[in-house]
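**Student:** Residue numbers (my numbering), protein chains in the order written: chain S, 3 to 244; chain L, 3 to 244.
Among the clues, some could well be false.
One copy or any two copies: either way a pair holds, since identical chains are not told apart in the list.
[Unchecked claim] As a list, the in silico BS3-like pairs of lysine-lysine whose alpha-carbon atoms are at most 27 Å apart:
hint: 1; residue 1: K117; residue 2: K5
hint: 2; residue 1: K20; residue 2: K155
hint: 3; residue 1: K242; residue 2: K5
hint: 4; residue 1: K5; residue 2: K155
hint: 5; residue 1: K101; residue 2: K242
hint: 6; residue 1: K5; residue 2: K20
hint: 7; residue 1: K242; residue 2: K20
hint: 8; residue 1: K117; residue 2: K155
hint: 9; residue 1: K117; residue 2: K219
hint: 10; residue 1: K219; residue 2: K20
hint: 11; residue 1: K101; residue 2: K117
hint: 12; residue 1: K101; residue 2: K5
hint: 13; residue 1: K219; residue 2: K5
hint: 14; residue 1: K219; residue 2: K101
hint: 15; residue 1: K117; residue 2: K20
hint: 16; residue 1: K101; residue 2: K155
hint: 17; residue 1: K219; residue 2: K242
Just so you know, the hints here were simulated from the structure itself, not pulled from any lab data.
Number of protein chains: 2
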Amino acid sequence: MAKAAGILIIGSEVLSGKVTDQNSPYLVRELRDLGVEVQRISTIPDDVRVIAHDVREYAGQFDLLFTTGGIGPTHDDVTIEAIAAAFDRRVVRDPALEKSLRRYYGSEITPAQLKMAEIPEGGCLAGEQDLGFPVLVFRNIFIFPGIPEAVQKKFARIREQFRDRPYILRRVFLRTDEGHIAEDLHRVLARYPALQLGSYPILHNPDHNVILTLESKDASYVEQALQYLLERLPAQTVVKVG
Amino acid sequence: MAKAAGILIIGSEVLSGKVTDQNSPYLVRELRDLGVEVQRISTIPDDVRVIAHDVREYAGQFDLLFTTGGIGPTHDDVTIEAIAAAFDRRVVRDPALEKSLRRYYGSEITPAQLKMAEIPEGGCLAGEQDLGFPVLVFRNIFIFPGIPEAVQKKFARIREQFRDRPYILRRVFLRTDEGHIAEDLHRVLARYPALQLGSYPILHNPDHNVILTLESKDASYVEQALQYLLERLPAQTVVKVG
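Just chain S, with the same shape it has in the complex (with noise of 0.2 Å):
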């Protein structure tokens, strides 16, 4: 079984349309490659009540949770009071924080500044090795920032920690009508149910109109399926297989 994993992306900004989500697809791709299995993605207000709700339900329901948004010193930051109030735990600031904030601010730093050290109580600083760009961490919950640049640098660190079995994918580009091979699709997933099978029709493509994925972790799986499959599709419908 792969490790599953939700991703929670708090910002009200992305629910009014103001900022498009850059985090979610990054995140993904980069699990995905990791060999970890995306369950879903939430996207929700800078709202404490709804975030320690969800969280408290996704942290519960997947192996691994990672959050997006509401790190700062901003009366909508309210990502660590929500977690914290999710779990019944108090917050707190973090020591190597707090001297790190204090080192960079110097000494005319601000209540607001400081309130960047707070975490929720039992929570740690992972990729502590650099503290420019640790990530704070309570429980099996991963919390970075909103910013896809500082989301990116900071989950690089950290990345190789849920490297699991990789998923192989195999791809059949095809010319024909989804409605076509439908059939043939549900007969590979009687004989092979634990593949994972997509079909997305192609818009304004010369070349191919549907791809086929099949995708499993274990590769003896994905080639049997995909020769089983191919046997089964007309020949000319078969542009390429990748």
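Chain L: place on chain S using the hints.
**Tutor:** Showing chain L alone in chain S's frame:
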């Protein structure tokens, strides 16, 4: 109160990083522009039980629910079946859709193609004036396909029915650190608690590095909050007001 909406992106291809969701960014911008408040976007797999659970929950929680994906002829197209299951309805064939499909595919239409005429019993078509782009509607659920081009064409036909009182948005562009203005923002919210106030750090911009957004459906409320804010912000930090 604004109408509240949820968006459900049904697509294992998004969760596995093969396709980047373009539908939720489109729908949130359109809905915001129409004065509708999107409160949640969730991306979930092509799984009948998961879809049925979320559809039931979100259709109850929000005034409007928009789904994209899972409408088509293949095994992974299970949205209609899931919505029917969520409300304990049968799946039935819509006569208008069936006629339209038979006209398009001719006498060699396959059972898989006819599957695209299926709707949850009690559902109907919106935008019927043009059968090329009908939208399936079941209760408060608007059911769209996954292909962005089709979503946009279909949504355009029915968008006016969602029009509500518009949001008024003002922006303040600043050169400062968020930690220096957090206290001012708290004061604004203490006085104007219904204001939607966002604060966003901007990287690598020589002109400004924080954008504040002030929103409400009440124009004079936004203007008063803006004036109150501008009186509090250190004048030299304000680059422009838009």
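**Student:** Broken hints, numbered, in rising order?
**Tutor:** 1, 3, 5, 9, 12 and 14
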